[in-house]
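Undergrad: The primary structure of each chain is shown beneath.
Number of protein chains: 2
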Amino acid sequence: MNSEEALSALCTPALVVDLDKVKRNAEKMIERCQNLGVQLRPHMKTHKTLECADILTGGSRRCIVVSTLAEACFYADHGFDDILYAYSLPFDKVERCAALAERLDLFQVLLDHPHALDQLIKRPLKDGRLWRTEGAELTGVYAHCGNTYNCRGVEQIQAVAQETTDLTLQFMEKLKAAGVTCKSSIGSTPSCSHPVKDMAQLSEVHPGNYGFYDVQQSVIGSCTLKDVAVRVLTRVIGHCPHRNQLLIDCGWSGLSLDGAGKLPTGYAVIEGHPNLKLLSMTQEHGRVEPISGLLDYGKYPLGSLLTLIPYHSCASVAMHPVYYVHSEGRLLGKWTPTRGC
Amino acid sequence: MNSEEALSALCTPALVVDLDKVKRNAEKMIERCQNLGVQLRPHMKTHKTLECADILTGGSRRCIVVSTLAEACFYADHGFDDILYAYSLPFDKVERCAALAERLDLFQVLLDHPHALDQLIKRPLKDGRLWRTEGAELTGVYAHCGNTYNCRGVEQIQAVAQETTDLTLQFMEKLKAAGVTCKSSIGSTPSCSHPVKDMAQLSEVHPGNYGFYDVQQSVIGSCTLKDVAVRVLTRVIGHCPHRNQLLIDCGWSGLSLDGAGKLPTGYAVIEGHPNLKLLSMTQEHGRVEPISGLLDYGKYPLGSLLTLIPYHSCASVAMHPVYYVHSEGRLLGKWTPTRGC
Chain X
1 MNSEEALSAL CTPALVVDLD KVKRNAEKMI ERCQNLGVQL RPHMKTHKTL
51 ECADILTGGS RRCIVVSTLA EACFYADHGF DDILYAYSLP FDKVERCAAL
101 AERLDLFQVL LDHPHALDQL IKRPLKDGRL WRTEGAELTG VYAHCGNTYN
151 CRGVEQIQAV AQETTDLTLQ FMEKLKAAGV TCKSSIGSTP SCSHPVKDMA
201 QLSEVHPGNY GFYDVQQSVI GSCTLKDVAV RVLTRVIGHC PHRNQLLIDC
251 GWSGLSLDGA GKLPTGYAVI EGHPNLKLLS MTQEHGRVEP ISGLLDYGKY
301 PLGSLLTLIP YHSCASVAMH PVYYVHSEGR LLGKWTPTRG C
Chain S
1 MNSEEALSAL CTPALVVDLD KVKRNAEKMI ERCQNLGVQL RPHMKTHKTL
51 ECADILTGGS RRCIVVSTLA EACFYADHGF DDILYAYSLP FDKVERCAAL
101 AERLDLFQVL LDHPHALDQL IKRPLKDGRL WRTEGAELTG VYAHCGNTYN
151 CRGVEQIQAV AQETTDLTLQ FMEKLKAAGV TCKSSIGSTP SCSHPVKDMA
201 QLSEVHPGNY GFYDVQQSVI GSCTLKDVAV RVLTRVIGHC PHRNQLLIDC
251 GWSGLSLDGA GKLPTGYAVI EGHPNLKLLS MTQEHGRVEP ISGLLDYGKY
301 PLGSLLTLIP YHSCASVAMH PVYYVHSEGR LLGKWTPTRG C
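Heads up: the protein sequence lines correspond to chains X and S, in order. If you use the UniProt record's numbering, the first sequence corresponds to residues 1 to 341, in order. If you use the UniProt record's numbering, the second sequence corresponds to residues 1 to 341, in order.
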């Protein structure tokens, strides 16, 4: 890609990533975890790219979480190791998990049912490797404080972070009393963006969305809108004065339908245009209308660019086979995510 | 792929296509158009694959509609021609359109604004080719009776089909009176599934969803649920008796969020289980609950398969990088769609 090429020359809809913001978000999280003295195990499920994984792991390519085996294989194929598959062992994927456990130094799976343990034991590993479950040896305890997503503001986030930490540590104490010592890991981008001191007593944390953040995280209070590193660029392609609407070239194939009904501005925040609402989307079209008043079409000529800040970045970047990466509007290259299960 | 491999051995969530149903849906549409004496120009936007395009065009690889230039290039690269880009000419894509017009025998673009005509004229074609717009020569008129999607039943569909046909033919008469003779094309899967006689006076029709169909089309009345050729296979991965719910391994990365609130059974119809509702989805998890009563967990052991019929096939297949194709449950191979804009 010609580095002189401007962001505004991209065919739309285009998913663009602000590299400086990703780096800043990553550095802050790394620093936060260092200050706490807790191991950071970043989740890959939002971006699913090698480049962002390098940034989030500080270049170590070690100690990551994935949500699919497609991700696990993708990262394993590119020299990543110490991969935790954060999904209660699916019975159709035991063989693929075993293959990963045999080729990596460390591949961790989650169990949430005795039947899952039976499934593992039925598939012994080659070369003298062991699932670290026989004889009930537990590697660790993993929790996701998903209820932070109902929080509004730092105080509420930290209350949930505290509660999850307390419950996890109490559980660790019970395990210890029963003679089991193991690791502990909790996660969620909100709680790791505003950690409480007691999280220092955990072994690991595993946030994921924070590399990109999104409008949802800004509403929760994990970040400000300025920290959000991703945008969907779209163009005005139609004027519909009879409906007081604009048509844009971004439909649900460019921006997720996730977040319906959550924002006064519809499916996204339209940067620099707080009075515009992304009302609805079909496959390749979006309908935009003013929250109040009549549209001034002179401000939105055909072909002009609008910038959408996604409600949920995990869901919106999932619609794009490629992300365009820039620094201060100068295109640097493309990131290609992995897909599938 | 081993042809003996069973559908039930696929890792889930998996998008599966019933080849026999696709062929039957395609044959019926071809026959319907032949009987009417109207040219069928199938839309590729639902499936975006070569294999399905071959079936829908009866192997001719001619006379198709696409919704993106990614599709246009994909089909042009594989020997398809006479491609209509059914999108009002986007100003950022004039150069890409021109390149397609220069390499294909026939590449058609839509104009809905005088400014778009200016954009074309500013980019003359090479080798003596002409945009067939200079001197205001019009190739045709294109309409999409999207309001058929509000219909319920054949009578309502045909009323809209009749209205759209009448309006289009009246417009053609006006053009003729002004000395302009050109083609006419209307579309939508509902109206083309139940055409009215007067559609014979049009040049072309351009339905798209009918190769796969979906629950939405069955609700409209375009087809029956038995005609729907696509499914998402998913597995039970958790029992949550405290919530009277099951967890399945299909979230919004396997099934579109489109259709929220439209069906009593949630985001899909769960085949063979009319009392189950797909209540909500996160990235890789779905929550299923009974419409009434308590779940009998014995009927849904961990690892067992459930089959989702998507509300909107265009949106759900868009979440899958590959489709698994079968005949009567025997896996035949994979189809790989194109993506992007």
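One or more of the hints may lead you astray.
For identical chains, the list gives no copy identity; a pair is met inside one copy or between any two copies.
DSBU-like cross-link-like pairs, simulated, lysine-lysine; straight-line CA separation at most 35 Å [claimed, not checked]:
(1) Lys126 <-> Lys226
(2) Lys122 <-> Lys23
(3) Lys45 <-> Lys299
(4) Lys28 <-> Lys226
(5) Lys299 <-> Lys23
(6) Lys45 <-> Lys262
(7) Lys122 <-> Lys21
(8) Lys299 <-> Lys122
(9) Lys21 <-> Lys299
(10) Lys183 <-> Lys197
(11) Lys334 <-> Lys45
(12) Lys122 <-> Lys334
(13) Lys126 <-> Lys197
(14) Lys126 <-> Lys334
(15) Lys21 <-> Lys176
(16) Lys126 <-> Lys28
Bear in mind the hints are in silico, worked out from the structure with no lab data behind them.
Undergrad: Check each numbered hint from earlier against the structure, then list the numbers of those it violates in ascending order.
TA: 1, 2, 7, 13, 15, 16
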